[in-house]
Amino acid sequence: MLASVASHRFFEHTGDFGVELTAPTEESLLAELVPAFAALLTGVEGVVEARESVPVEVEGIDLSDLLVVLGNELLYRFEAEGFLAAELAVEELTETRLVGALRGERYDPERHPIARPAKAVTQHGVGVEARDGELVARVIFDL
Amino acid sequence: MGRHRDKRKHRASRAEERTSKAKVLDATPPYAGREVPVVRLDASRVRIPKTGPMHVDGIVFADDTLLPSVRDDKSLEQVANVATLPGIVGPSMAMPDVHWGYGFPIGGVAAFDPARGGVVSPGGVGYDINCGVRLLASDLELGVIESRIEPLVDALFDAIPAGIGSTRREVIASEEELDALLAGGLEWAHGAGLATDHDIERVEEHGRIRGARPEAVGERARTRGRPQLGTLGSGNHFAEVGVVDEVFDETKAQAFGLAKGRVTLMIHSGSRGLGHQVCTDFLGTMLRASSKYGVPLVDRQLACAPIESREAEAYLGAMAAAANFAFVNRQVMATWAREVFARLFDAALTTVYDVCHNIATWEEHVVDGKERCVLVHRKGATRALPPGDRRLPRSLRDAGQPVIIPGDMGRYSFVLAGAPGSSATFHSACHGAGRRLSRSAAQRVFGRTDLEGNLRAQGILVRGASRATVVEEAPLAYKDVADVVGVVESAGLATKVARLRPLGVIKG
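These protein sequence lines map, in sequence, to chains A and B. Just so it is clear: in the first sequence, position 29 is 29 by the numbering used here, and no numbers are missing. Just so it is clear: in the second sequence, position 445 is 1445 by the numbering used here, and no numbers are missing.
Same shape as in the complex, but just chain B (with noise of 0.2 Å):
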């Protein structure tokens, strides 16, 4: 009797704690209902200086091209009001790909350290945890594929579903083979035969986030994401054969396992439904938390949990989940690619590296002169870590970390090698071109065009899923991706290795 008592007062307080006592602390954001501020510091950084609630400054790395976009949107209030988050360490920071996000910016890179109340948002993960991008190289040379890009396009658009609720054949059989997953990442896709010791070693943290709790990720996520496993989805989702047409430096270059004229394959994807229905879950719990723990919020959206709390591990340990899926659904998209090179021209595809955008790692960084292990969130950022880092495999430690920036599917794509200058950063640099044209201006501007014509005589076939993403996506909707790489290279956070021009692309 005793215990079922407890019981039924246990689930009474869960109902209490989710209901009447339960009120949001809005807050007013720093910048409300005026123009953010920006000093500039040098020719690739901007200043945002702290001022009512935020506990430290914004910094936005942004030339004088690129400054004036961000400007248009409201990514600079994103990041002001990044900085009000308790336990925030270095400064709020955004990349040169920054635009407007919901609660972080895409672009946002902040770290919070536990020992000052530091915080862990699901918003500054985003809703696709461990969205990034898997390249892959063949040693195919370009002559070879040329005048077969068309079935090589088509087999890859056969081989790997795209598009919203886009399912495949079940790779996963049993719930335990689901939770499996979750915990181990690639370690599971190595024991399942689907990755090899090199994909491993070439994978952000070996495709395993520690930590993972897959008891944490509940029945929704695992009802929208276990028929995902192996599909591209949406949005801004790709997958693109290209081939290196430039090297910048050879040495890195050849490290990478990259050559000129040689044909690549880029995959950008993340954890799917699973990982949405995470966050989406956890913003609900954090909302109630923000309340517990009594954070003030100026963005709901910004909702959080102190990282010593049960809610924070909670989420944690569900976030981790879901990234290991997405490494695992990227490696098994990898895996049919593989199977499509290998029919078709009985080519071998390599894997270059795997990067993360949305994610929180616990990483050793240099805080006000002391060593200090802090929770860093990237949303839309890559880490790219300097050569010598001890986190780097043998066989890149003397090059640094490839850090892969997708451009837009019209113009090109660079691999860049993480510099020394990223410890400014949290050793993180851009992921991306940045959205110029919202989708609505997009479909206004491209909307009647012969968007995948003018393409084709560009030299690259496009496959999409969807003709509203593929004009939503169109390459001009983007920042020119070199202008992005230019101030990520001048800040010193990395450095360009190569450079791939596309030839035929898949959407979403």
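One chain only, chain A, in its complex shape (with noise of 0.2 Å):
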């Protein structure tokens, strides 16, 4: 039986942090990271509002490489571009390709304190899998 929607829930790892992702589908697993990583930053679910939409296109060499890719994109627009985004709506997937829209805000210190100061998404123990009918992906993050 196929989930209806998509969700996260964290994990531990002795220095860090990681996430496991559910979905029905790859586009929404993808997407799921989005809030995720979101809620890691400010230790608070749905804290990011979507006021604003920017472009976002990323290659990855499979489904698992991509979470990691656009992990790491989310990252460098908050570091580098003060941009935090809360969702994502994927235009277009392939096997190696993501296309769509990021939507969030600018980051506000006084709304968005950071909790979890994330510095990477790593390649440790990525992977996807298909788990009664839902795909179950797990990210760890650098903290």
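Mixed in with the good hints, there may be bad ones.
Pulled a few chain B residues facing chain A out of the computed Cβ check, cut under 8 Å [stated by the list, open to error]: (1) 1024; (2) 1279; (3) 1303.
Negatives, chain B to chain A, calculated, CB over 10 Å [as the list claims (entries may be wrong)]: (4) 1057; (5) 1179; (6) 1224; (7) 1291; (8) 1387; (9) 1501.
FYI, nobody ran anything at the bench for these hints, they're computed from the structure. We put the beta carbon where it would ideally sit given N, CA and C, even for glycine.
Taking the hints as your guide, dock the two standalone chains into a single complex.
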């Protein structure tokens, strides 16, 4: 049976933090990384609002790699451009390429105090598996 | 026309390389799904037997006190995984502060021989390239600053930006200056009036990893790193005012410039966003290279390329540049700290030593009875040259290399000297205490306690950019560094010279 909505939950890593994503499709799995990343950074779910939209395009070797590359794209947009993404609309997805739009807002230290300062999204243990009709992926962040 | 066609062809082949042909050869880890066996060799070492795709054994430096905590996470699996990489020589090793990392364990040491198909792996260096520690000593007695520790720590907190994305006034004005810094490391800093001859003498590799290729550092890395030069960062980074509270070896302490009762400053930081982005960028390159060169990966973070490949050459050039950035980063923070000490106390800070924790360097070692030039990866480990090593400056050659081992912010840190037994570890020792609790566990245990108040009652003042980070870095989230140092000493890797007690800490 397919899950109707995507979800995420965080898990522990000795010095860092990981997230497990569950979703019915590859598109929604990739999209779920976006609110998960925002929640990791701010320590609060749903605090980042979708006030503006910016295009995004990333390439990877496969779906697992796309997750890592997308995560590092979110980090760069935040650290270098001050943009916090709340959600992702996927427009095109192939095995190795994602095109879409990130919706989010400018980083505001008052509204978005940083709880967990992620510095990178790692390749460690990354993988996607089918489980009970859903896709499940694990991604570990370097803090 | 021909040139244009060639260019298009080149672009097309690069695009093809990036996408359709690359398939990662994901492989099963040698001890997947079962407990990693260990065989005790002596009081300070256990062996992980070679099995399946492992080319060599694993060796973990741990006594019976430390081993249970090592078993609690995936460190042992990771030691075994590193042993599957091509061209590894000597065992895959872990220092006694080992804990779960990504790809390599934190505390991992491994050497690769190009003559045996050896590889370089960005995951074996880590994201924070040349994260390391600078220790400086003052001629101030504790009594002089004891009543003024608060203004001192506040002034340092103002002078040294801390926390995620922290930035400060521009130290470099142009791309050309950044290129010169990336190529020259402390030589650039010396030319800019930011480093003394003594500083350069007392920094690993004299503050310049040779072979740096600034052009291999991408735009994103430059964008992230440029405004962060001279900043501490977050996570486990810190600047700590301390005092030498015990000296174990007077002769070596004197050679290092340490004396009981003298005030010190320790700075723990690295290459900031620049190094992180270099690692991120090259992990992608190496993932494709692993596929291209047919290297199976038991963990994608171990992505690698043969040392003599163009991918490895580019990574090593970018890594050296990022390492040079880190040397200058710590130097710039030392400069700000020197200004504070001069202004408040008319006192000087002299560099004791500066060590890298995350690096891959070319070194000569005896492998299977023969002198070989190998690429030593240290991921959360410290080089520990013994007395007499010709790479040491004359002022340290009789004593051995200072090995600076930060503990936690509530107990103590140690300064050791490299010892002859370090030949067993490619001249490596531990780099810290090693975490005992995860960050979440630390939040659960200490989140509601008055951590800063308790530390203040112990005479330790803490200033943090983020309370969450301070809590996650609580003293008891770490192992007792005395236990870790005890194993290093009993294994003959390094000997204790002095102990430092914290007085004031700035956390990112």
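Status of the hints after comparison with the structure:
1. 1024: Result: holds, 6 Å to nearest chain A Cβ.
2. 1279: At about 7 Å, which falls below the 8 Å cut-off, the nearest Cβ of chain A leaves the hint on residue 1279 of chain B intact, so it holds.
3. 1303: Check passed: Cβ of residue 1303 of chain B comes within 7 Å of chain A, closer than 8 Å.
4. 1057: Check passes; 23 Å lies beyond 10 Å.
5. 1179: Holds, since 19 Å exceeds 10 Å.
6. 1224: The claim breaks: residue 1224 of chain B does not keep its Cβ more than 10 Å from every Cβ of chain A (closest is about 6 Å).
7. 1291: Residue 1291 of chain B not clear of chain A: closest Cβ-Cβ about 7 Å, inside 10 Å.
8. 1387: holds (33 Å)
9. 1501: holds (25 Å)
Checked against the numbered hints above, the structure violates hints 6 and 7; every other hint is satisfied.
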